[in-house]
Structures are given as structure tokens and as C-alpha cells.
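Based on the provided sequences and hints, a complete structural model is requested.
Quick note, the sequences are listed as chains R and H, same order. Start counting the first sequence at 909; every next residue gets the next number (the working numbering). Start counting the second sequence at 13; every next residue gets the next number (the working numbering).
Treat the hints as calculated values from the structure; they're not laboratory data. All C-beta atoms, glycine included, are put in the ideal place defined by N, C-alpha and C. Just so you know, not all the hints are guaranteed correct.
Simulated restraints on C-beta separations [unchecked claim]:
{"id": "1", "chain 1": "R", "residue 1": "Arg1120", "chain 2": "H", "residue 2": "Thr16", "range": "45 to 55 angstroms"}
{"id": "2", "chain 1": "R", "residue 1": "Phe934", "chain 2": "H", "residue 2": "Tyr21", "range": "17 to 27 angstroms"}
{"id": "3", "chain 1": "H", "residue 1": "Ile150", "chain 2": "R", "residue 2": "Gln931", "range": "52 to 62 angstroms"}
With a straight-line Cα cutoff of 27 angstroms, these simulated DSS-like cross-link-like pairs (lysine-lysine) come out [as the list claims (entries may be wrong)]:
{"id": "4", "chain 1": "H", "residue 1": "Lys40", "chain 2": "R", "residue 2": "Lys1036"}
{"id": "5", "chain 1": "R", "residue 1": "Lys1139", "chain 2": "R", "residue 2": "Lys1106"}
{"id": "6", "chain 1": "R", "residue 1": "Lys1000", "chain 2": "H", "residue 2": "Lys52"}
{"id": "7", "chain 1": "H", "residue 1": "Lys52", "chain 2": "H", "residue 2": "Lys64"}
{"id": "8", "chain 1": "R", "residue 1": "Lys1106", "chain 2": "R", "residue 2": "Lys1000"}
{"id": "9", "chain 1": "H", "residue 1": "Lys64", "chain 2": "R", "residue 2": "Lys1032"}
{"id": "10", "chain 1": "R", "residue 1": "Lys1157", "chain 2": "R", "residue 2": "Lys1285"}
{"id": "11", "chain 1": "H", "residue 1": "Lys274", "chain 2": "H", "residue 2": "Lys64"}
{"id": "12", "chain 1": "H", "residue 1": "Lys52", "chain 2": "H", "residue 2": "Lys40"}
{"id": "13", "chain 1": "H", "residue 1": "Lys40", "chain 2": "R", "residue 2": "Lys1057"}
{"id": "14", "chain 1": "R", "residue 1": "Lys952", "chain 2": "H", "residue 2": "Lys274"}
{"id": "15", "chain 1": "R", "residue 1": "Lys996", "chain 2": "H", "residue 2": "Lys210"}
{"id": "16", "chain 1": "R", "residue 1": "Lys1096", "chain 2": "R", "residue 2": "Lys1106"}
{"id": "17", "chain 1": "R", "residue 1": "Lys1139", "chain 2": "R", "residue 2": "Lys1159"}
{"id": "18", "chain 1": "R", "residue 1": "Lys1252", "chain 2": "R", "residue 2": "Lys1285"}
{"id": "19", "chain 1": "R", "residue 1": "Lys1166", "chain 2": "R", "residue 2": "Lys1139"}
{"id": "20", "chain 1": "H", "residue 1": "Lys208", "chain 2": "H", "residue 2": "Lys64"}
{"id": "21", "chain 1": "R", "residue 1": "Lys1032", "chain 2": "R", "residue 2": "Lys1000"}
{"id": "22", "chain 1": "R", "residue 1": "Lys930", "chain 2": "H", "residue 2": "Lys208"}
One-sided excerpt, in silico: chain H residues whose CB lies under 7 angstroms from chain R [stated by the list, open to error]:
{"id": "23", "residue": "Leu26"}
{"id": "24", "residue": "Val37"}
{"id": "25", "residue": "Leu107"}
{"id": "26", "residue": "Tyr112"}
{"id": "27", "residue": "Ala276"}
{"id": "28", "residue": "Ser278"}
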Amino acid sequence: MAIIEVNHVTKEFRLGALHSFKQSMFNTLSRLRGESVPNRPLFKALDDVDFKVEEGEVLGIIGHNGAGKSTLLKMLAQISVPTRGNVKVHGKVAPLIEVGAGLVGDLTGRENIFLNAAILGISKAEIKRKFDDIVAFAELEEFIDTPIKRYSSGMQVRLGFSIATSVESDILIVDEVLAVGDLAFQRKCFDRMEDLIKRQGKTVLLVSHNIRQIQRLCNRVIMLNHGRVNKEGAPQAVCDSFYEQSDEKIKASTALAKTRTDTSGEIELLELHLLDHNGQRADRLSYDHDCVVNFKIRVLQSLDEVTFGFGFHTTDFLYLTTHNSEEQLHIRHLPPGEHEVLCKITGLPLLPGVYSLRFGATAGQAARTIFYGENLKHFQVVGDVPITVRDGFFALDAHWAVDDDEAAVIPIISTVQA
Amino acid sequence: MIKTATNLYAYRELMMALAWKNITVRYKQAYLGIAWAVIKPLMLVLIFTLMKSFIGIDSGEIPYPILTFAALMPWIFFQEAASEGVNSVVGNAGLIRKIYFPREIFPLTSVVTKLVELGINFLLLAGLMVYYQMAPTIYLLWVPLIIGYTILVVLSIAMVGAAMNVYYRDVATALPVAFSLLMYASPVIYPLTLVKEKLLVNQAAGEWSNILYTVYTLNPLAGIIDAFQHVVLRGLPPDLSAMWPGMVLTLVLLPISYLIFKRAESHFADVI
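Now the structure itself:
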């Protein structure tokens, strides 16, 4: 049986400011007289969202800012009610909607543990039993009798997380909490989450902008877009599609970015395009597939000893790689007129993302620059990338081994780890 | 109604924890601490006693300072619990937006908080009674009932006020003004016997006198304060004739107030 049922949930908010008391009275009066009252426009934070969560499932919810993720969680935690549709939850929900909600600065760590536990619905007897664990987990033994307003923000968050995860419940709702504290503490949080998920078989709803985390922890992912379920299914597929969408957005916003060019006046760049592995012009290339970079130039004055070069850089001008023609293409003389230069790339190693092209040309024995331009063309790399090479810009062809006979190695099983 | 009550019983630990938080936080960094709970009524007693020496209020056989202190105890409890109750939902916006539990916990917690301060004032009252050599009587047993009734009065204001305050913050701003007016309309500075004498015995307003007296006692605080003074100081049972109009009003208002609160509750997190 589904432990959570979200049935065609729509949540609307009115845009603009709340009416003043006077205005409300005025409007009521008008309504009583049968006149129409101008309504503020509606905004759909959630639009006909419909899904079920089975017991023991770990569901990730991803989406851009304002996609409706937090609104959805609020419905599940009963904090807010849907405008239409309904939410059914069969079990006790522990909200982690925000770690540290309800911590009071004037109270000491000890007092806060008891207060926060009461707020989260943990009984006094239970919290007494768990008190030492909570303190130990938060690593706050020394400071437990200090008012928490004197704590660092990291310490406060640690305390909040530690209390919140000690709630015994069937369903855990997690909103961006794993991004707390320093790396060592994040690691502990992650382990605790993993423990709750894998060993205790809790049902977990996880919202995060850390897609990698989602991909590792969840067994199903829902992508929200403008309040609608945009895609739902296996983590890999949904996350990839999310990356692609993000990249599209980046590309759209950087397309207008200015190109920087510098030329000596001897050469002009007429056109620059990319050909994908099918030989079609494209601004979407596939990871690990062949492609071609094609430059069309016009030479204005006769040139000697010409070398071309091009490179890829990120949208924030981190130069990733360059390649020049010096060793492969010795051009002793280039007469005036239009020329086409192309460079073929075998198995594009760039990981999915948005990149840009730069291009340059030098001439003469001294290799003086006659043309240089960057941010010339944006393109997107898409494709299925194994989880082992998710981060960074380049795939690495690497092979793992362990030099220990006693290590139990099960070949090819994706494991969850921080 | 019973379901609500059992539901609330399940949340008693939370209410206690929140009330305890309210009290601790308020007095934690104050040097005088919880003593502030008695300083306020004491100061008022002092001022009223001073005032009385100018305008002359007949307090009967009871010394004026203890009479007015006994009036201030239920009054201050009522006033502070109600205004804290009205502010309780907006004041806990952080919790409202993050965690679900029945929202009436907030006004109820305000009441519990103020009950503690009322309890402290009882110690002072006992001290004053010793000083004025007044012995308690069996009628003291009425006190819990009178306070219980006061709590119902507080809730019928606090719940509707708290809900409205979420939408219109005017409520919290207007409240102190309303309360200071209501204090003069309640027998705090003067005893109810004076009003009774003027209207019922002397018929000071002619044929309107009896109606005016009923209107005056529509204010539940009139009956409450008088009853409190009766059972604690005068050794008499509560004067029900001064209490019934206020009781009727409270019994009508309380369910309405609760319903309004419950209807508004689900939108608190969106609006607050």
C-alpha cells in the first residue's frame, strides 16, 4: 500500500500584497452589493501534481528554484493545505523541513534539545534516553550548557540535525539539510541518512539541489518544473534530463554574452560551426562521440607560416584544452580569399555541460597573433555518463583495483557513499 | 469537542515545554528574574492606593491595597494571557512555517505561561493576607473554578484575535488600547459594590438602572473580579447575579472564536 498519496494537488497563491483591513472591508461591501471585486492574479505553485510513494521508498524531488519543491513538502508535512486535490499520509512524519526550526537562542543546548524534541513530538522519556547520543552526534559535549546564541552557525545546525534525525517516524522529509556543517560533519549526516534509509527501511522524501546526492540516495526521482511533474522515474534518467535542462538555461543566458575578438586586420573570421557525429551542424554534441570544428575565414593579405589553434573553455573562462595545427598542418603560404579550416575530434571527452569555443591564428616566423577570439560559440554536451566520472569536465579512462586479498570485492555494483 | 480535548492532551508535553520556554526566555537575562511577575501588580497597587487618597473610594471593611491587589490578580492574568494569546501565532511564525501541530497550542500555551505568573502572585497575596491578618475561608475552594472560567474568557478573545492577527496586524496594535479602556469598565480600581449600590440600590440612572447594571456585568471580568474578592477576602460565595450575563456571553463567543480559529488555521503558513 502506498504510504503517501498525492492526488492531483494544486496550490494557488495570490500574487501581490495582502489587502489592508480597510480594503478587505471595502471589497466585502462591494461583494454584498453584487459588484465585482478585482481579484489579484493567481499563481500556481503546484499544478495537478499526482504521485504515490511506497513504503521504504526513497524519493528524490528535484527542480529549479521556484519549481514548487518546498511547497510540495509543506503539503506533505501538513503545514499547508492544497487548494485542490488532497494529500494522504499513512504514518508519522518527521519534518526536517528546515533543520533548527524552533531553536531558541537564549536557551542552552541542553534546554533546546528538550524543547525541540517536544516540538518534533518526541516524548520526554524518549529524549532522556537519547540525550547522550544526540549530544555526542552533534559533538557539543563541552558546550551543552551554553546558550546557543553563542554557538557558531555550524554548531547550531549540527544540534538541529542531530535532534531532528533522532525522531522515530515512518516518513522522513528532508529539505536540503545535508549541506550542513563542514565536510566531516556532512559525512556523518550522510552516514546517518544512509542508515535510516538502508538499514531501517524508512520512507524518505529528499529535496536537494545536489543532484549527485539525489542520484545516489534515491531509488526514484521526480523532477518538478513550474509546479508540474516534468519527469519521473529512475534517478539516472531524470537527473540527466535535469542537467540537460539546466545546461539549456545556462546556454540561453550566456548566448548573449559578448565575444571577445582581437584582430590585426589581415584575417577575418566569417563563420564557425560544429558538426556532430552524424555530420550535421549542431550546437549539441554527444559525449564520447566524434565531432568536427569548422572555421570559415577570409584572408585579406597574403600570409606566410600560418598556424591555427582552437580551444574549449567554460562559460566562466576556465581554459580547458587547446589544440593547434602547428605539427599537423604546415601552411607555408595562404593567399587572400576565403578558406575553410576544420579540425576533427575523436570521441569528445568533455562531460555534459555548457562550453564555449575560442580560436586564434598566428603568422610569420615569429608567430605573431593575427587573430584571437574567445567566447565565440556556445555549445552543449549531452549524453549518458557513467556515475564514476560525473564530476568535472573530462572523463578519465581509469581502472580500479585493491591490493588486499581480504577485502570483499563484489564486482560492478554501484554503492552509495559520500 | 472531546476529540479536540484528547488530541490536546496528547500534546501536553509540548505545551509544557513551550510555556517553560516562554518563562525561561523572558527572565533568563533579567537580573530580577521572575520577580517581575509580582512587581507589576505591586506597582499598580501602590499607584491606585495613592490615587485613592485623593479621590476617595469606599473599599468597605477590606483594606484598599489588598482589595485592589485581589482585583489586579485576575485582571492582569486575563489581560496578559489574552494579549499574549493574540500575538502567539504571529510570534511563532518560524514554527508555523516549518512544523505541524494543532495551532491552538499557541494560545493555550500563553494561558499556561500566565498561569505560572498568577501562581507566583498567590504567594504575595498570602503574604498580604498575613499582614492584614485575614484568615482564608472554605470559599477559597472556588478559586480554581473562577480561574477556569477566566481561562475560557481569555481563550474566546485570544483565539479569534490570534487568527485575525495573522491577516491583519491591526488587531495586536489595537488590543492594548481596548484593554486599557476595559480596565476602567471593570471593577479593578473600584469595587463592584460601588456600582451595585449606585445602580441597583440608588437607581441612579432611573428606569435604565437595572439594564445598565446587566450591561456592565456583560463584561465577564466584572463578575470574575468580584467573585475572586468575595471568595478570597470577604469569605463569601461568588455573587452569581453579577456573573451570569458575562457567562452567557462567553458561552456564545467561545465556540464562535474556536471555529473561526480552526477555519483560518490551515492558511496560517501561507499568509503569515
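Cross-check of the supplied hints:
1. For the pair Arg1120 of chain R and Thr16 of chain H, the supplied restraint of 45 to 55 angstroms holds, since their beta-carbon distance comes to about 46 angstroms.
2. Judged by the Cβ atoms, the range 17 to 27 angstroms given for Phe934 of chain R and Tyr21 of chain H is violated: they are separated by roughly 43 angstroms.
3. Ile150 of chain H and Gln931 of chain R have their C-beta atoms about 57 angstroms apart, which keeps the hinted 52 to 62 angstroms range intact.
4. Of the supplied pair hints, the one linking Lys40 of chain H and Lys1036 of chain R holds, its CA atoms being roughly 23 angstroms apart against a limit of 27 angstroms.
5. A distance of roughly 25 angstroms separates the Cα atoms of Lys1139 of chain R and Lys1106 of chain R; the hinted pair therefore holds under the 27 angstroms criterion.
6. Distance hint between Lys1000 of chain R and Lys52 of chain H is unfulfilled; the C-alpha atoms sit about 44 angstroms from each other, more than 27 angstroms.
7. Distance hint between Lys52 of chain H and Lys64 of chain H is fulfilled; the C-alpha atoms sit about 18 angstroms from each other, no more than 27 angstroms.
8. With a C-alpha separation of about 19 angstroms, the suggested pairing of Lys1106 of chain R with Lys1000 of chain R holds against the 27 angstroms cut-off.
9. For the given pair, Lys64 of chain H sits about 50 angstroms from Lys1032 of chain R by alpha-carbon distance, which is inconsistent with the 27 angstroms threshold.
10. Pair hint Lys1157 of chain R plus Lys1285 of chain R holds up; C-alpha atoms about 15 angstroms apart against a cutoff of 27 angstroms.
11. For the given pair, Lys274 of chain H sits about 45 angstroms from Lys64 of chain H by alpha-carbon distance, which is inconsistent with the 27 angstroms threshold.
12. Simply put, Lys52 of chain H and Lys40 of chain H have alpha-carbon atoms about 18 angstroms apart, close enough for the 27 angstroms limit, and the pair holds.
13. For a cut-off of 27 angstroms, the pair hint linking Lys40 of chain H to Lys1057 of chain R stands: about 13 angstroms separates their Cα positions.
14. At roughly 25 angstroms between alpha-carbon atoms, Lys952 of chain R and Lys274 of chain H fall within 27 angstroms of each other, so this suggested pair holds.
15. With a CA separation close to 62 angstroms, the supplied pair Lys996 of chain R and Lys210 of chain H exceeds the 27 angstroms bound.
16. As the CA atoms of Lys1096 of chain R and Lys1106 of chain R are separated by approximately 15 angstroms, the hinted pair is consistent with the 27 angstroms bound.
17. Restraint check for Lys1139 of chain R and Lys1159 of chain R: satisfied, since their Cα atoms lie roughly 21 angstroms apart, inside the 27 angstroms limit.
18. With a CA separation close to 17 angstroms, the supplied pair Lys1252 of chain R and Lys1285 of chain R stays within the 27 angstroms bound.
19. Note on Lys1166 of chain R and Lys1139 of chain R: the hinted pairing is violated, with a Cα-Cα distance of about 34 angstroms set against a maximum of 27 angstroms.
20. Note on Lys208 of chain H and Lys64 of chain H: the hinted pairing holds, with a Cα-Cα distance of about 19 angstroms set against a maximum of 27 angstroms.
21. The hinted pair formed by Lys1032 of chain R and Lys1000 of chain R meets the criterion: a straight-line CA distance of about 18 angstroms does not exceed 27 angstroms.
22. With a C-alpha separation of about 40 angstroms, the suggested pairing of Lys930 of chain R with Lys208 of chain H is violated against the 27 angstroms cut-off.
23. With its C-beta approaching chain R no nearer than about 5 angstroms, Leu26 of chain H sits inside the 7 angstroms limit, and its interface hint holds.
24. Interface hint at Val37 of chain H: satisfied, since its Cβ lies 5 angstroms from the closest Cβ of chain R, which is below the 7 angstroms cut-off.
25. For Leu107 of chain H, the shortest C-beta to C-beta distance to chain R is roughly 5 angstroms, which falls under 7 angstroms, so the interface hint holds.
26. Because the smallest distance between the Cβ of Tyr112 of chain H and any Cβ of chain R comes to about 4 angstroms, under 7 angstroms, the interface hint for this residue holds.
27. A cut of 7 angstroms between beta carbons decides the hint on Ala276 of chain H: the least distance to chain R is about 12 angstroms, and the hint is violated.
28. Taken as an interface hint, Ser278 of chain H checks out: its beta carbon lies about 4 angstroms from the nearest beta carbon of chain R, inside 7 angstroms.
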